[in-house]
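> Sequence:
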Amino acid sequence: MGLANHDLPPPPSGKYPAKAHAKRVAEYIAENGGPQEGVIYLEAQKTAMVEDDDQAAHFRQRRFFYYLSGCAVPDAYLAYDIKNDHLTLFIPPIDPEDVIWSGLPLLEKEALEKYDIDACKPSTEVNSYLTSPETPHQTLLAIPKQVADHVTFLSFEETNWDLLKNAIERCRVVKDEHEIGLIRHANAISSHAHTEVMRMVKSARNERELMGTFVGACISNGGREQAYGCICASGPSAATLHYVHNDLPLSEKLNLLIDAGCEYNCYCSDITRTYPLQGKFTKESREIYDIVDEMQAECMKALKANVTWEDLHALAHEIAIDGLRRLGILTGGNKKELFDSRVSTLFLPHGLGHYLGMDTHDCGGNADYEDPDPMFRYLRIRGTVPANSVVTVEPGIYFCRFIIEPALKEEKFAKFVDKSVLEKYWDVGGVRIEDDVLVKEDGCENLTTAPRSWDEVEALIHSV
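Heads up, the sequence shown is in the working numbering, so the first residue is 1212 and it goes up one at a time.
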């Protein structure tokens, strides 16, 4: 098929719903005891230079600003008049000295056509807007440490630094149709890129080649940014959850775990697949793959609006325990004793998933990393998940000597693990399967289309 796939479904049409987001944030603030009038004020990420160099650093728009603007321009500003439902965007004016190098910037009339805003002004007029008699001066809401030194709020009766950030984070959890469309499109691009990696698996010699294939396929199809650093881990490296070296030879390795996803218009995808490097899973690899596949499938069957995330996570551990008992890796005791011992956390040390949106690990999850229970300590979501949220479902089983071998010196774990059977599985490294899932009232929808089942994966690798 090649890196570029001209048959991908199109992204959502129309303007990004910035005003609807601004109004929603304002309503959340009012409903939670905040002001019903005033101005919401946000700034875009500033242009920055690489240290000791004359090159601009890589630009990544502030997510809070984008949520209320849909604008990816650096050095911009916005103000939302809550009472009058009026959104003003301020963009950098033309700098004649810069045009010869970078071309014309976005013009005000173009911004009005492109973005869901009511007015557009040059960024040099931010202070004059804020001090204007026509601007309501009851309360200004802003985010700490995200206001330029030259901007003044002295004309406002009150400046509130506490409410805005939390309000935006809460509103971002539930996605509208446009946001879902952007995540769906990012998934389509990344799913195609994962498919291209599968086609390259047998011929590649180094992890970096497969990383390059993935990134190239994303860029070729409009996913110019990666949502996070690509994890391209072969052999035992797959047991390192956030492995980022991506530079080891593939020879004499059983499997490749690739966790990678592109970003499209500031919205992320996050997909993991595990492939047999020689085109066919070994017996041990296939056994672990089947357990992880069952973990994901059963958790997705149970996923719907208002399900408690801790219950889904516990379900994944229960299925992992059943599978590892069948293989003889876990032994002794009954299922409840194994579950209560937390021995399964040696093989599944992370949470089942996280919210996904403008950030890969998106906001609103209420994580509790101080939880004394190792089974739940690393959950990025706690409590119930609402309809129209997007989550990852990413169970895995890992054989990490650094974690498992020291733990087996403790009797509370050692009595449940057959070391002689475990020895056969070290080379599997780790298996993770991750999809991006839209939560619905009566179930869920998988937004990820990359081949997932072991027979699909093997067939695709052998088709090249």
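Honestly, the hints are just simulated from the structure, not real lab data.
Fair warning: this is a prediction, and the values are worked out from it, not measured in the lab.
The C-beta atom is built at its ideal place from N, Cα and C for all residues, glycine as well.
Hints may contain errors.
What the hints assert, rightly or not - Each pair of labels, with its calculated beta carbon distance range: (1) T1342 / R1553: 41 to 47 Å; (2) G1314 / S1343: 28 to 34 Å; (3) I1305 / D1263: 25 to 31 Å; (4) G1314 / A1525: 38 to 44 Å.
> Each of the hints needs a verdict: does it hold here or not?
Okay, the hints, checked on the actual structure:
Taking 41 to 47 Å as the suggested C-beta distance range, the pair T1342 and R1553 does not conform, at roughly 59 Å. Here the CB-CB span from G1314 to S1343 is close to 32 Å, well matched to the stated 28 to 34 Å. Range check, I1305 to D1263: about 29 Å between beta-carbon atoms, so the 25 to 31 Å window is met. For G1314 and A1525, the hinted distance range of 38 to 44 Å is not satisfied, since their beta carbons lie about 55 Å from each other.
Checked against the numbered hints given earlier, this structure breaks hints 1 and 4; the rest are met.
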